[in-house]
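K.L.:
Model the full structure from these sequences, guided by the hints.
Here the protein sequences come in this chain order: A and B. Residue numbering for the first sequence follows the numbering used here, beginning at 1 and increasing consecutively. Residue numbering for the second sequence follows the numbering used here, beginning at 1 and increasing consecutively.
The hints are simulated quantities; they were obtained by calculation from the structure and are not laboratory data. Please note: incorrect hints may appear among the correct ones.
Each computed BS3-like pair below joins lysine-lysine, with the alpha-carbon atoms no more than 27 angstroms apart [to be verified]:
no., chain 1, residue 1, chain 2, residue 2
1, A, Lys157, B, Lys29
2, B, Lys28, B, Lys110
3, B, Lys33, A, Lys157
4, A, Lys157, B, Lys55
Selected chain A positions facing chain B (in silico; Cβ < 8 angstroms) [unchecked claim]:
no., residue
5, Pro22
6, Val139
7, Ala150
8, Ala153
9, Phe164
10, Thr171
11, Leu178
12, Gln455
Idealized CB from N, CA, C, for every residue including glycine.
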Amino acid sequence: MIETHLPALIALNFLAFSVIIPLFGMWRVQWSQPLAVLGGGISAILSVYGFITYVNDTPLRYFFGAWEPPIGIEFVYDGLSAFVIMVINVIAFIVLIHSGPISVKEFPRKRMAYYSVAMLMMLGFNGMVLTGDLFNLFVFLEIASLSTYALIAIGEKPAPFAAFRYLIIGTAGGTLFLLGVGFLYTVTGTLNIIDMTAMIPEFADNRAVITGTILIVTGIAIKAALFPMHGWLPDSYTFASSSSSALIAPIGTKVAAYVLFRVILYLFGIEWADLVIPLTWIIGVLASIGILYGSIMAIAQNELKRMLAYSSVSQLGYIILGLSLANPYGFIGALLHLLNHAVMKACLFMVAAHIRMKEGHSDISRFNHTYRKKYPWTMFSFSVAAISMVGLPPLAGFFSKWYLALGTIEANSWVFLTVILFSSLLNAVYFFRILEKVYMKDPFADKEIPDDQAQPDEVKPSMLWTTLTFAAALFLIGIFNVAIVAVLLNIFPA
Amino acid sequence: MLDFLYGHYAYWLTIVLVCIGLYGIIFKKNLVKKTIGLTILQISVVLFWVAIGSKWGATVPVYDPDIPVADAANYLNPLPHTLMLTAIVVGVATLGVAFSLLISVYNRYKTLDEEEILNEIQ
Numbered sequence: 001m002i003e004t005h006l007p008a009l010i011a012l013n014f015l016a017f018s019v020i021i022p023l024f025g026m027w028r029v030q031w032s033q034p035l036a037v038l039g040g041g042i043s044a045i046l047s048v049y050g051f052i053t054y055v056n057d058t059p060l061r062y063f064f065g066a067w068e069p070p071i072g073i074e075f076v077y078d079g080l081s082a083f084v085i086m087v088i089n090v091i092a093f094i095v096l097i098h099s100g101p102i103s104v105k106e107f108p109r110k111r112m113a114y115y116s117v118a119m120l121m122m123l124g125f126n127g128m129v130l131t132g133d134l135f136n137l138f139v140f141l142e143i144a145s146l147s148t149y150a151l152i153a154i155g156e157k158p159a160p161f162a163a164f165r166y167l168i169i170g171t172a173g174g175t176l177f178l179l180g181v182g183f184l185y186t187v188t189g190t191l192n193i194i195d196m197t198a199m200i201p202e203f204a205d206n207r208a209v210i211t212g213t214i215l216i217v218t219g220i221a222i223k224a225a226l227f228p229m230h231g232w233l234p235d236s237y238t239f240a241s242s243s244s245s246a247l248i249a250p251i252g253t254k255v256a257a258y259v260l261f262r263v264i265l266y267l268f269g270i271e272w273a274d275l276v277i278p279l280t281w282i283i284g285v286l287a288s289i290g291i292l293y294g295s296i297m298a299i300a301q302n303e304l305k306r307m308l309a310y311s312s313v314s315q316l317g318y319i320i321l322g323l324s325l326a327n328p329y330g331f332i333g334a335l336l337h338l339l340n341h342a343v344m345k346a347c348l349f350m351v352a353a354h355i356r357m358k359e360g361h362s363d364i365s366r367f368n369h370t371y372r373k374k375y376p377w378t379m380f381s382f383s384v385a386a387i388s389m390v391g392l393p394p395l396a397g398f399f400s401k402w403y404l405a406l407g408t409i410e411a412n413s414w415v416f417l418t419v420i421l422f423s424s425l426l427n428a429v430y431f432f433r434i435l436e437k438v439y440m441k442d443p444f445a446d447k448e449i450p451d452d453q454a455q456p457d458e459v460k461p462s463m464l465w466t467t468l469t470f471a472a473a474l475f476l477i478g479i480f481n482v483a484i485v486a487v488l489l490n491i492f493p494a
Numbered sequence: 001m002l003d004f005l006y007g008h009y010a011y012w013l014t015i016v017l018v019c020i021g022l023y024g025i026i027f028k029k030n031l032v033k034k035t036i037g038l039t040i041l042q043i044s045v046v047l048f049w050v051a052i053g054s055k056w057g058a059t060v061p062v063y064d065p066d067i068p069v070a071d072a073a074n075y076l077n078p079l080p081h082t083l084m085l086t087a088i089v090v091g092v093a094t095l096g097v098a099f100s101l102l103i104s105v106y107n108r109y110k111t112l113d114e115e116e117i118l119n120e121i122q
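P.N.:
Okay, structure coming up:
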C-alpha cells in the first residue's frame, strides 16, 4: 500500500493529524504536542523513504480516484518534489519536537489549536509541492497561507496586526496567481502542468500567456518575499511566537520558491519563459537587489529575530538568483541553498527562542559575554549556523554559495558574482557583531559584569538537542555535499 | 472599435474591479476598508473566470439526446464555474480569518486605523 499511495499518504497524514489533535487535545491538552510530533515524524519518515526509493526513477504520478489527468487531479512525485518534500518535512518534524517547552511558556491555553493549525499548514505546503494541477496549487496555497496567518497571530501584542497585513498582501498575491492561471486556462484549456507544458510551445508568444506568466510569477513572488514584495516578512517573523517563526521561516518562503522553480523551469522551460520578455533576467536582478537590501537592513537591526527575518529576505534572493541563472550549477546551488538555508535559519531561530525563553528578550545590544558561560551549547550552535551563513568551509553554507558562484561564472554574469561575494561580507558584519558580544569582554562597558556569577543555565534537553542536531547537520551537509550534488544533478530538467 | 469595447464588456468590468480592489488595499487607512478592497479584488477574479466559461447559444452541460455532443459549441464549459465555487469558499475563509484578526487587533489597540496602530507599535 505504501508504494502505490506514497505521495498522497505523505500529505494527507497531516490532514488526519489536524483532526486527531483536537479530538485528543480537548481531553488532555498536553497530548497535542506529542501528537503533532508523531504526525510530523510519520510524514518525515515516509518522505525520506520515498526520496531514497524513487529519486532516480521515473516520476511517480498519483491519480486521485484513478481519474487520469487532464480530467482528474494528480500528485507528481519526481526528483525535485521528492527532495523539497523531504527537506520541509524533516525540518518541520525537528522544529515540532523543539517547540514543546515554548508552547507551554508562551501560549499555554492555545496549544491544541496551535498544533492543529500547524498540521494544516504542513498539509498546505506538502500539497503545494506535490500537486500537478495549477488550480489545486492555488487551493493548497490558500490552505497554507490561511494557517500561516493564524500561526503568526499567536504571539506578542502587535502579532495580529502583522498577521493582518500579511493576510492582505498574501491574499492579493494568491488572487493574482489565480488570475494568471485563468489567462493560461483560456489559451490552453487545461490546468494540468504536464499537459500544459506540452502545449506551451504553440502559444508561447500569445499575449494572454505572457500576461498570465507575469501574474503567476508576481503572485508567487509575493509569497516568496522576493524584493520588493518582502514588506510583510520582517514584522510577521518578529512578532510571531518563537516556535511559529522557527517553523514558518525555514519552510514557508522555500515552498513558494519551489513553485517558482516548477513554473519557470518545468511548466514553461527556460527558452519559452524568456521568449518575449527577459523574465529570468528580471527576477535575477530583483533577487540581487534583495540580497544586498536584506543584508544591509539586517546590519541595521537591533533585534535578533528581526535581523534574522531580513537575513531571510537576503538568503531567499540566493535561491531565486540560482533559478534565474538557468544552468546546472545555478540549479544545484539554488537547491543546495534551499536545504542549507532551511537548516541554518531553523537553527538560528531556535537559538533566538532559547535566548527569549531564558532572558525574556532578544535585544542584541543587551547581549554580553556571560552568555558564553550561561548557554555554552546554544551559543555553539549559533556560531556554527552563523559561520555557515557567512560561508566558511567545511560548513554547508560555503558549498551552496560556491555552486552559485560557479553558475554565475558559467552564465558570464559578473555583476551577480560580485553581489554574491559582497553579500557574504555583509553577512559576516551582522553575524560577527553578535559573536563578538558573546565571546569577548566589552572593554568599554560601564561596569564590569563578573564572570564567576554566570552558571551554566541551558534550556531543556529536548530544545537543546534539536538545535545541536541542526548544527551537526550543517557539518554533515558540508562534508557530504558531493553526494547531495550528484543526486541534485540528476534532477535538473534537460 | 465600439465592437471591441462592447464585445469584451465582461473583461472591462474585471479590469475596473481589479483597479478598485487594489486602490482599496493600497490607499485606504481603515483596516475594514482594506478588507473590503481585498474582497472586491477576489470577486473580480471570480467574475473573470465565470466570464471565460460562458458561451452564447449554448446550453447547460447536461447531456440532452436532441443536442449533438460532438459539437462542443452546443454546451457550456462547466469547469471554470465549478472551480469558482472553490475559490468563493476560499474567499469566505479568508474573510473569516481577516475579521477574527481584526477583532483581536481592536481588542489590543482600541482602533482600526492603520496609522494610529503603527504609531503605537513604534
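K.L.:
Against this structure, judge whether each hint is valid.
P.N.:
Each hint, compared with the structure:
Simply put, Lys157 of chain A and Lys29 of chain B have alpha-carbon atoms about 20 angstroms apart, close enough for the 27 angstroms limit, and the pair holds. Proximity of Lys28 of chain B to Lys110 of chain B is assessed by CA-CA distance (about 18 angstroms); at most 27 angstroms being required, the pair is judged to hold. Proposed proximity of Lys33 of chain B and Lys157 of chain A is supported: the alpha carbons are some 22 angstroms apart, at most 27 angstroms. Annotation: proposed proximity of Lys157 of chain A to Lys55 of chain B is violated, straight-line Cα distance about 52 angstroms (limit 27 angstroms).
Hint status for Pro22 of chain A relative to chain B: violated, with the closest Cβ pair at about 17 angstroms, above 8 angstroms. Taken as an interface hint, Val139 of chain A checks out: its beta carbon lies about 6 angstroms from the nearest beta carbon of chain B, inside 8 angstroms. A distance limit of 8 angstroms between C-beta atoms decides the matter here; for Ala150 of chain A the minimum to chain B is near 6 angstroms, and the interface restraint holds. Here the hint on Ala153 of chain A is kept, as its CB sits about 6 angstroms from the closest CB of chain B, short of 8 angstroms.
A least Cβ separation of about 4 angstroms between Phe164 of chain A and chain B falls short of the 8 angstroms threshold, and the interface hint therefore holds. The criterion of a C-beta within 8 angstroms of any C-beta in chain B is met by Thr171 of chain A, whose closest approach is roughly 5 angstroms, and the hint holds. Interface hint at Leu178 of chain A: satisfied, since its Cβ lies 5 angstroms from the closest Cβ of chain B, which is below the 8 angstroms cut-off. Below 8 angstroms, beta-carbon pairs count as interface contacts, and Gln455 of chain A has none with chain B, the closest being about 36 angstroms; its hint is therefore violated.
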